[in-house]
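Listed in order, the protein sequences are those of chains A and B.
Take 1 as the starting number for the first sequence in the UniProt record's numbering and just add one per residue.
Take 1 as the starting number for the second sequence in the UniProt record's numbering and just add one per residue.
I should point out that these hints are in silico values taken from the structure, not numbers from a laboratory.
Hints are supplied without guarantee of correctness; some may be wrong.
Taking beta-carbon pairs under 8 Å as the criterion, some of the chain B residues facing chain A (in silico) [what the hints assert, rightly or not]:
#1 His564
#2 Cys590
#3 Leu721
Reference listing, derived: stretches of chain A covered by chain B, where coverage requires no fewer than 3 residues with Cβ under 8 Å from a Cβ of chain B [unchecked claim]:
#4 108–119
#5 191–204
Cβ coordinates follow ideal geometry from the N, Cα and C atoms, glycine included.
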Amino acid sequence: MNNGNGRRLNGETEEDDDDEGSEGDLDAWERTYADERSWESLQEDESGLLRPVDNKTLYHAQYRRRIRSLSSQATTSRIQKGLIRYLYIVVDLSRAAAEMDYRPSRMAVVAKHVEAFIREFFDQNPLSQLGLVTIKDGIAHCLTDLGGSPESHVKALMGKLECSGESSLQNALDLVHGYLNQIPSYGHREVLILYSALSTCDPGDILETIQKCKKSKMRCSVIGLSAEIFICKHLCQETGGSYSVAMDESHFKELILEHAPPPPAIAEFAIANLIKMGFPQRAAESSIAICSCHKEAKVGGGYTCPRCKARVCELPTECRICGLTLISSPHLARSYHHLFPIVPFDEVSSSVLNDPRNRLPRSCFGCQQSLPNPGNKPSLRVACPKCKQHFCLDCDIYIHESLHNCPGCESFRHSKSPIATEE
Amino acid sequence: MKFQIEDVTVYFPYDHIYPEQYAYMVELKRALDARGHCLLEMPTGTGKTIALLSLITSYTLSKPNNPVKLIYCTRTVHEMEKTLAELKLLHAYQTTHIGDRARILAVGLSSRKNLCVNSRVLAAENRDSVDASCRRLTASWVRAAAVANPNLPTCEFFEEYEKAGSNAVLPPGVYTLQDLRAYGKEKGWCPYFLARHMVQFANVVVYSYQYLLDPKVAGYISKEMQKESVVVFDEAHNIDNVCIEALSVSVRRQTLEGARRNLNKMRQEIEKFKATDAGRLRAEYNRLVEGLAQRGNLPFTDNWLSNPALPDDILKEAVPGNIRRAEHFLHVLRRLVQYLEGRLETDNVEKEGPVGFVASINTHAGIDQKTLKFCYDRLHSLMLTLEITDTDEFLHIQTICDFATLVGTYTRGFSVIIEPFDERMPHIPDPVLQLSCHDASLAIKPVFDRFQSVVITSGTLSPIDLYPRLLNFHPVVSRSFTMSLTRDCICPMVLTRGSDQLPVSTKFDMRSDLGVVRNYGRLLLEMASVVPDGIVCFFVSYSYMDGIVNSWNENGILKEIMQHKLVFIETQDVVETTLALDNYRKACDCGRGAIFFSVARGKVAEGIDFDRHYGRLVIMFGVPFQYTLSKILLARLEYLRDTFQIKEGDFLTFDALRQAAQCVGRVIRSKADYGMMIFADKRYSRHDKRSKLPGWILSHLRDAHLNLSTDMALHIAREFLRKMAQPYDKAGSSGRKTLLSQEDVEKMGDGILNEMQY
Ligand code: SF4
Ligand SMILES: [Zn+2]
Ligand SMILES: [Zn+2]
Ligand SMILES: [Zn+2]
Ligand SMILES: [Zn+2]
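Chain A extracted, bound-state conformation:
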């Protein structure tokens, strides 16, 4: 049982880039099947039953690393975040996307995670919009225009999943540049390119195109699927984006989700300015109106622009008639947490736990489940540095990634100082 655990551990911490361990004695071809070594993720429990290996501590370790790197960026200074983003996702559907080093194919894996990303993106950036572009046969196509509805993007992408021909980075950038250049100046122009190919066949000088993008302040990021390409690196460096290459599917997922939280604002944009917004009301269920987005008569649902009274189907969006940005207040509220992230929780060291003089809470403040004393194993509990409450690992992740509020601190604010009385 220890054996299986050890191997799993090595598999998970691959990006720590020391592979001298048991990973080293696997041949490269063997490693390609490593994903399917499902038998190794089983372990025997006390009563002799087979159970999946408990990966909880591992996941948590990974998550903590992520949180720490995020907060180290954030603490350097109070940085501004671009909350209104206009993002184009460029999906490379050239010949290389059919390769099967990702199962079942690069293209399928990309599509799957783009879908997840789109939902996550709108969840975290309710004020933002997104569009899809594909590259195929050396030509870039616009799949969906900028818009706020996850469903329509996902549907459009899934319908177009076939690949062929060369890839052309320049064509894609030119196309996206044409669209993004019309965006109002408070919006953040971003491109995320998911690049399968290892080369680009361009009609002209791509270096010029890159300069053009730089001038229009488009932040271009690339996630490569197989190896580092000079021109992509150059593009990202010039435009202030990030460049990364995925090791495998789970790494790819991680990399793409890194693009969901708003990036730090580019310096020139950092001047605060006010934006006019409308908070439309939901129309009565029985009312019939022609919506301005689909140009169809619809019964019920929909929202009415407070300025020109036009009807739209979904929020957030821009009014087609008067150009007002239309959102709902929960959207705005959800965007806030990026500005005020909650501090990462501290791990409670086992020496503190094992010290009999400390009287420690026995259950998680979040979910009330009991917190076992782990003995010498790594600690399974964390504490909020502000309210000093203890939480289990699941709650830790939930609080930081979804809730964006610490229950301890919140209740502390409501009922005056429960901790003080405890001590």
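Place chain B with the ligands on chain A using the hints.
Just chain B with the ligands now, with coordinates in the frame of chain A:
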């Protein structure tokens, strides 16, 4: 940073130092202390040059009583400029620390082509014509004539320089070639002559190998160098070849035809002088009687080439009587040319030792050995007397005299080989007579004898014990250093089988096997589809490359490859190759991706770097053995066996492997870089071959990578490239120390000192 190595305070211009740089300095210092020669192998990209420069200049600073001069030899002008640029940085750093005490004079010296600032002369095309045009303006008789007739053109830079006389000196500082030109232009002095003059006084001289190793050039450039010098040969893995080339001459039909023309021209000149200025010829005769043909008393500008034989072997006597008169000398030369023409008329390959050859010249042409020996000096004297400035037109007769002097001087270590046609193209008659030197130690011996320390260094000197035998010297230190890396950024692999599991090799019997050709093609194709940006391929020879590229073209593989990347090819034409390289780089820059086909031992393999995205993968197709049927090679092998007890096989393998290492080493030029190397031939998996690769490659060659097939190599490549694309920590992950700060070095220094005391 500044630290101590024993009694020497080393000034190092960076805040951090690699451990291998430190170790390199320690070894170098020991060699300097012992006043001996040393051999040091350290991979490129580890800052060898700066380590060398820092230590040697700091050594002089710490011991002001017996300052050493540094003579740094590089192979190319580009390397020369790079070295001087590093020295400049170092010098600036030393000056901030110790002020005026750090003052040095460092100059680079190159040919007129790189230093001349006279725009009229520069318009001339190749090196010989820049030299000749300069001479046309600056020869002593031209200048003398110009005094009388101001309409005759002279070089104003030279005149200014002469006028300044002893005031024409360079102030202390570090001068790259570019700086020299700028300074020369500003002052109106000729940079070439200024640099040549300053070489004697400079603390650091950077120039090319030839200036020390080729006696023809060394005789007038490096004659005055002090004994207390440290001579460094950088990138010296081919130094034995440079040495033997310096003493080898080949004569073809064109040479002989040209020589005849030269002789006729000279005869006309002599006739002319007889009619107008007979006194001149008589004066020369008298000079020769007194034995003044040797140089030393010639004006600076008239001195262009020295005797091709080594200084110790040149007789200090008067020129023999039978060639003192100009007409007689021309007769002798004409007979010699005639004799050589006769020898070229053969249908068989002939090989002779110099002694036999000289004897047969004596019987057939009536020229004895001593006369032969003096040919070169006699010719030089005659050309001066006849006031010939178009030296490049007279190259042919110079070659003949070169040959005569060498063959008359040396009895061992040489052979004369006559081949009626190129072995590989037997239907095209192309007779050539070669005097080839087999003994590299001959040319370098005066350097070892004369200078206090000689440092031979390169990224590939393995096996390191062979060089002392080839060059016949005893190093006090010989060491090979590895590279400390923060991550495994090089990935060497030995590919023995193709995708069909059949062995691949360029061995003679498998060379034209279609299966091998196809397997090589598929290997390249598959690699082209997984490796981004640039790939470099090396083939064993031009003819092999032509053949295999043709078959790839015929069976369509080439076309498939071109779907992934553009293909560029090295040719024997330098301009074409430069253009191809340019476009190759462009294709890598703009993301199109490209493949460069070139040849081991070619120009590209020696001097061009394919670092970063310009070379993510290099494939060495086959083992680059020399053409083993070449008569010259066979003669050299025989000589090496008889004289130095080096087995033929050992030498051939050594030579092939150093070329291979040199080729693959092109892709990694710094530690931040990464690249893969594929040795595609089953013979590389054998221990005797593999073990001759340099240590820094071997240490990354894992056992699992010794016997791969195409598909396995492909997996490894994919994974390696993914891993290398991940962000990494430059300072190195904990545990492995790859950068030392001043503090670390101080601690280490104590440790090493302690270790030495016990
Ligand atoms: S003297 Fe100097 S500047 Fe004048 S032609 Fe000769 S090399 Fe050029
Ligand atoms: Zn609608
Ligand atoms: Zn409106
Ligand atoms: Zn909980
Ligand atoms: Zn709290």
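Quick rundown of the hints versus the structure:
Hint status for His564(B) relative to chain A: holds, with the closest Cβ pair at about 7 Å, below 8 Å. Among the interface hints, the one on Cys590(B) holds; its C-beta lies about 5 Å from the nearest C-beta in chain A, closer than the 8 Å criterion. For Leu721(B), the interface hint holds, the least distance from its beta-carbon to any beta-carbon of chain A being 4 Å, beneath 8 Å. Counting residues of the segment 108–119 of chain A whose beta carbon lies closer than 8 Å to any beta carbon of chain B gives 0, which falls below the threshold of three, so the coverage claim is violated.
Chain B is given as covering the segment 191–204 of chain A, and this holds because 5 residues of the stretch bring a CB closer than 8 Å to a CB of that chain, at least three being needed.
Violation of the numbered hints given earlier is confined to hint 4; every other hint is satisfied by the structure.
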